[in-house]
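J.: Listed below are the residues making up each chain.
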Amino acid sequence: MRYSGFRVIKEALTGHKGWKPVWREPDPKPHYDVIIIGGGGHGLATAHYLSKVYGQRNVAVVEKGWIGGGNVGRNTTIVRSNYMLDGNEPFYEFSLKLWEGLEQDVNYNAMMSQRGIINLFHTDGQRDAYTRRGNAMILNGADAELLDADQVRAEHPYLNFDDARFPIKGGLVQRRAGTARHDAVAWGYARSADLHGVDIIQNCEVTGLRIENGTCLGVETSKGFIGASKVGCAVAGNSGRVMGMAGMRLPIESHVLQAFVSEGLKPVLPSVITFGAGHFYVSQSDKGGLVFGGDIDGYNTYAQRGNLPVVEDVCEGGMALMPMIGRARLLRMWGGVMDMSMDGSPIIDRTPVQGLYFNGGWCYGGFKATPASGYCFAHLLAKDEPHPVATAYRLDRFRTGRMIDEKGAGNQPNLH
Amino acid sequence: MTQVNRLTGGQIDRDTTLKFYFDGRSFTAHPGDTLASALLANNVRLIGRSFKYHRPRGLLTAGSEEPNGMVELRAGARKEPNTRATTIEMYDGLIANSQNRWPSLRFDALAVNDLFSNFLSAGFYYKTFMWPAAFWEKLYEPIIRRAAGLGSLSMQADPDEYDKGFRHCDLLIIGAGPAGLMAALTAGRAGADVILADEDFTLGGRLNSETFSVGDHSAPDWTAQTVAELLAMPNVRLMPRTTVIGAFDHGIYGAVERTGDHLPSLPAGKPRQILWRIYTQKALLCAGATERPIAFENNDRPGIMTASALRTYANRFAVTASPRVAIFTSNDDGHRTADDLHAKGVKIAAVVDVREDAPLSYDYEVLKGAQVINTRGRLGLSFVEVALPDGSTRTLDCGALGVSGGWNPNVHLTCHQRGRPVWNEALAAFVPGENLPVGMSVAGSANGVMSTHGALRSGAEAAAAALDLTTQPDLPEAEDAPMALKPFWYVQGCKRAWVDQQNDVTVKDVKLSYQEGFRSVEHLKRYTTLGMATDQGKTSNITGLAIMAEVAGKSIPETGTTIFRPPYTPVPIGAFAGRMTGKDFHPTRLTPSHHWAKERGAVFVEAGNWLRAQWFPLPGETHWRDSVDREVRQTRASVGVCDCTTLGKIDVQGTDAAEFLNRVYANGFAKLAVGKTRYGLMLREDGMVMDDGTAARLAEDHFVVTTTTANAVSVYRHMEFVRQCLFPDMDVQLISTTDGWAQYAVAGPNSRKLLQKIVDPEFDISNEAFPFMACGKITVCGGLRARLFRISFSGELAFEIAVPSRYGDALMRRLMTEGKEFDVTPYGTEALSVMRIEKGHPVGNELNGTTTALNLGLGKMVSKKKDSVGSVLSEREALTAPDVLKLVGLKPVNPEEKITAGGHLMNIDGPVDATHDQGYVTSAAYSPNLNSHIGLGLLKRGDARMGEKMRLVSPLTELNVEVEIVSAHFVDPEGERLRA
Amino acid sequence: MIINHPLLGPRDASEFTYLGDASLIDRPDGTAENAADAFYDYAYLRDNPAGEHRELWYHEAGDRSWLVVTRNTLTHEISKVELARDVARTRGRSK
Amino acid sequence: MHDLVALTALGGTTPRVDTVGPVTCSEVPDVALASVTARLGHEAATQDELARLIGTATPTAQRFAGDPVTAFWSGPDQWMIEAPIATHEDLAAHVKTAVGTVASVTEQTDAWARFDLRGDGVNAVLELLCQLDLRQFQSGHVARGAVHHIGCFILCRSADHVSLYGPRSSAGSLHHAVLAAMRSAH
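Protein chains in written order, with our numbering: chain A, 1 to 416; chain B, 1001 to 1980; chain C, 2001 to 2095; chain D, 3001 to 3186.
What the hints contain is simulated information worked out from the structure, not anything from laboratory work. Note that CB positions come from ideal geometry on N, CA and C, so glycine has one too. Careful, some of the hints might be misleading.
Only part of the chain D face toward chain B is listed, based on derived beta-carbon distances under 7 Å [to be verified]:
| no. | residue |
| --- | --- |
| 1 | S3035 |
| 2 | L3040 |
| 3 | H3149 |
Simulated DEER-style distance windows between Cβ atoms [said to hold, decoys possible]:
| no. | chain 1 | residue 1 | chain 2 | residue 2 | range |
| --- | --- | --- | --- | --- | --- |
| 4 | A | N203 | B | D1397 | 32 to 40 Å |
| 5 | A | G197 | C | G2092 | 28 to 36 Å |
| 6 | A | G224 | B | L1360 | 42 to 50 Å |
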């Protein structure tokens, strides 16, 4: 069924009787060409591109709970491609271009809103680093602008310019960046994949990987064994657990990132804003809530909840940057489990196990990467070679010294 | 005509009359009122508009679960959007305005949405607005955004202060209703440290809303007496107006105390609210229960509220929503409301009870087995249509309808650590499950014990159990009626029956969600927005769940439950920030010469938490470059002084001190002679440069290590890690002394001459006696202990001199007076930076965490003879490949042209794009000595490309310059000056 | 969270700085044959268990002790806290 | 004797004193400080020497003892020695002679700024500043913890008298935080 304004009107006039389930609820087949573990954004996007772009129809996505229940459903919805390093920028710019055509591609309104992002800087050193980054973006074909303090004030007069501990000296802007309705991204990809024949199997937890003499033959699940020629793992925070089933240790730790939303407010923030002197970033949803976050809690955890010190740290940053939000109320706080890698950059690669492929290490940047991650993982699964924009995301880069470390924080995941 | 709806009795002070304003109209109220009760007293039923359809809305409840009755409280910079009228304690002069309406509350243009509601069904926006693509940004979204949100912010900085505090107790009791009060008595009398917190400004919970007696007293009297006894206990702390917002790990609770919200204005220095972090041994949740409505056609009109709310307004606030009231109930509790209202002289139009076997009354009519099927009334309720068992219908004339669908225990805090509640058939409600937060237990109606006597008993028992007490106080007699109800969620056949009133989620939306496959509870919530409004579904989640269960043909527990997240009720962001706002966001660190520098009119810059002098403008200098160029020239020509106290200083002592430094530094330290200083390069274990600095050997077993300002803390932490975790048996002791010493760089050809004037004569600091890299303890100005290091960052003959911080100010002034004859100048961080770039010294811009010693041209410093941190991984293939980046100097071919840090380097005639990127500029400055802009950069094979012309591009700043690759040592490459 | 410091008793976790897996104590010998492989493994690969995890915390705002905390990454329950220096010795580290 | 004028941590020539309600906060510049850390294997010997130095048993973890020369525990096998500056201007040297080679000594006199809080209701101020369990925090106790993100030592000298040691460079921010808490609590 095709979605459109006409369809909405037609259904409204006929009592909404014609709406069908957005995805089927199939039982697993005994064997698939490709099984994707993880019905989150990346897994569903992979299924969409595998089926639609790479023509693979015998594909299943197995999800232990309900689809979209992982980080795609608990992030702060920011979409951008403002990266600095060669290994990253082409990938994220590819992703942003896919975002720009997403609704038409999947025929589902994910409310991609290119309201722009501004990364504020407060020292000359930060300005120099952002200048290097902005130049790298432009040299990679992305858009970037450098604003001075006055220009920032003109666009964001409510920021703290008069009483700031760390005065705003300017900001790096990407106008094409923005936000998207996170749940809708999962549902849109799921709907499209389903329409292209992909089996989306919910409440089906992978309990083991069947590996015989170095080859992966399929997955053991709560719904029994499901055979597969290829198995792709896209489980974000649970990467360590699932790949552990194949006896692999990863350059990844699982950490919790908290996110927050305020009560609904009339529009106040025109774009996404990140504070350069504290842990705080914010945007305003179309529904009116201020959606904001900051740093990860910093300790290994698989619990989707955090603790007070980080809540306070984030709100301190918020108040320091925009004291007008003092009387806006924080409505809800939650957490997502992040697959924090050793250099802050992701991995999309084969593994030593034949037929087993890995997609992870997204840290807290997975949402914006969803389309490209799905596209490149689909490419790898279909062609057994990395997509040109994802060639740097190798599993062995830490052994060879080819880290992609935007922050320069080194081999300590909770610093990225 | 004021307060027409006032009744007799209640807990309000009629002797005092308060004035307040709603939408510009002035009304009167009494102390003890909430804004909600005061509005009802004045016969104001229409208070707000719903989110999506802008339907007229009044009050649904009398508590913090309120979804409808929200206002913008106060005015100007103190405006608080989305404030629940039911929790606003009345004060004189209170100002409130309705929100989410235009042009006015009674005539709201967007109420037109209601006419099109059929097109605006759940999730409709996911299916449209996609064509043409560009229209989303330009047309559709702007319209949606304009309609979004409820109240509005003032856009001004919040003028109020907030505090944070920390309290500890044996037992935290959350909620001061019958269970909480009895628990506090039990624990308090036993001598335990107790904190009793309640969100209300009057302790007692439901007891304040009931007419029955507890022991020999009325419920409110028993409450007052109990509170008085608790107040007298030194070990019990009562915290009214305090909401416990969340249960966090290991018995830590967050609580927000509203210390100033009930005051017309705050006394100076007093906080509006305090965020308490409460550390508990045990916690007892006595949060009570929330009555749930029943969904039926047009059940959202102003005047329709929960039956218990009507009872609270009547008994506690002496107010009725209308002189004529009807009740719609599925249980006995609805009848209690009718009884209490009748007793207060309110006319009961009828009690509509869905049960065939409902109890009868002598005082009013009871319609058994009947259901409310519709309501009428434009901006408020005027008629209720009832379907009788025999199929006939009847219209009731009433201005208020009390609805009772049973009670939901307030289990929220039991779920904050992912605990799942369990279904209780008898109550048709979720009660706390097994895995509660550590140390938490639950009592009273929050635990499904619905009678007053049961609540008192379970409170006493739970407190005793939590503290292992053997004795409990005697329990007063109290109402002990069993919960008699028939599970009843919504009236069949209705078209538009509201489940989530604020977000306009109807029964139909829930069914559509199922129809489209959004069947897990989380999908339901996310697709329909059920329970995502400011009340977080306190009155709607379970009903929505029950409807979903019914259409799915499953039981409610099979269908699931949404998980509750903190905070229990919304909290101002300012309260979480406390005093860490504005200039107090971070502590400010001042150098010993700060006050002197301020007198000199220095311009300061933030360096981490430090404030450092950036430059010292003199009269006539209009541009910062004038000052900086002068400071550089004067220093290189004669002598300059710079406060470098901010550099981290770590005292390293012990018989293994030298060997310890040998392990943490990449270069060797074992053979450093006493009285000598050495530059040290510190690597991370991954082989990247972590920090650089100097280590001065003051004795065989004593070094003073300096770190960069930025890394002082992390380097110290790292050294402690190496000491404690890697080499636990080394005899080495570390301690930071950064703040203890005022340290000044005295640089320039005349620096020795200047110092000789203040260093006491017995110390020979001539080049022979005190050569380059010498260090030692000395005295100055007639006996003040000091330290002298002959090290140079500027590349000039230079020293760093340190004295105890309290004398730093005096020493700086002395250096300036004694230096007059040499035309001494103080210089700031800008001049410092220019001189270090002229010398090619790497700092933060170069030590960016991705550079190796090899990149920085310091590869030879990494000793291969020993195993120091980072040496192994620095050898990885990609880090030692022939084309790795190397630090180089950059000069524009045309000296007039600027060099921009952050620019990228391209081959002179090659293409300009990312794939042909050759490197980037890390630092740039204007060199007054070379009369040219200069820069440092990291360039592929840079060391082999000296003299090569390249293109420096910075499209971001529209710069494109031809540069020459030169040595990074622009000034005195042989280093003759610093050895002079 | 609350960390029960062996010397100081219960202290709020916000006083501490987290490093990571306690295996970081077992630094390989940089002069050994297989040093390159050993250091790659040491510096980059993690068990990242869902369950009991031994990890390093530093009492930054306190007594500057490094601690080895045994904590469950699913429940956050802390079952053991030791001075890292003692642990290091029992694991054969010296000087 | 040298002729340089000392400034207090707050930048004055005389100590700052502020009173709000029952609580008085005074800047205390006239103390000398030196840290002592036992050399490996000399932990016991260090405690003996310190005991002799302060004239009473060396304090254990989280305790302080001795008067006028006081030692407070600052970490494993580590203590801070506190003495009147009038009599102990060069405390570090004095302590080093006392402990000889069994311990490392570092001058800390100007690394720290001291503020004393006196009066009833000191606890009401402290509970807005630090996470200490004040029920346990008795006379003779010392704790190290964060006050508004500033790492401090807190000494309980008596029920109505505590000393706060913060890094000298942050003295202004610490003093500001203490005064704000005093105004909020009283």
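J.: For each hint, tell me whether it holds in the structure or not.
T.: Going through the hints against the structure:
Hint status for S3035 of chain D: holds, given a least beta-carbon distance of 5 Å to chain B, under 7 Å. Checking L3040 of chain D against chain B: minimum C-beta separation of about 4 Å stays under 7 Å; hint holds. Interface hint status for H3149 of chain D: upheld, as the beta-carbon distance to the closest one in chain B is roughly 6 Å, under 7 Å. Our hint of 32 to 40 Å for N203 of chain A and D1397 of chain B is violated, since their Cβ atoms are close to 52 Å apart.
Range check, G197 of chain A to G2092 of chain C: Cβ separation about 58 Å, and the 28 to 36 Å hint is violated. The hinted window of 42 to 50 Å between G224 of chain A and L1360 of chain B is violated, with their beta carbons roughly 59 Å apart.
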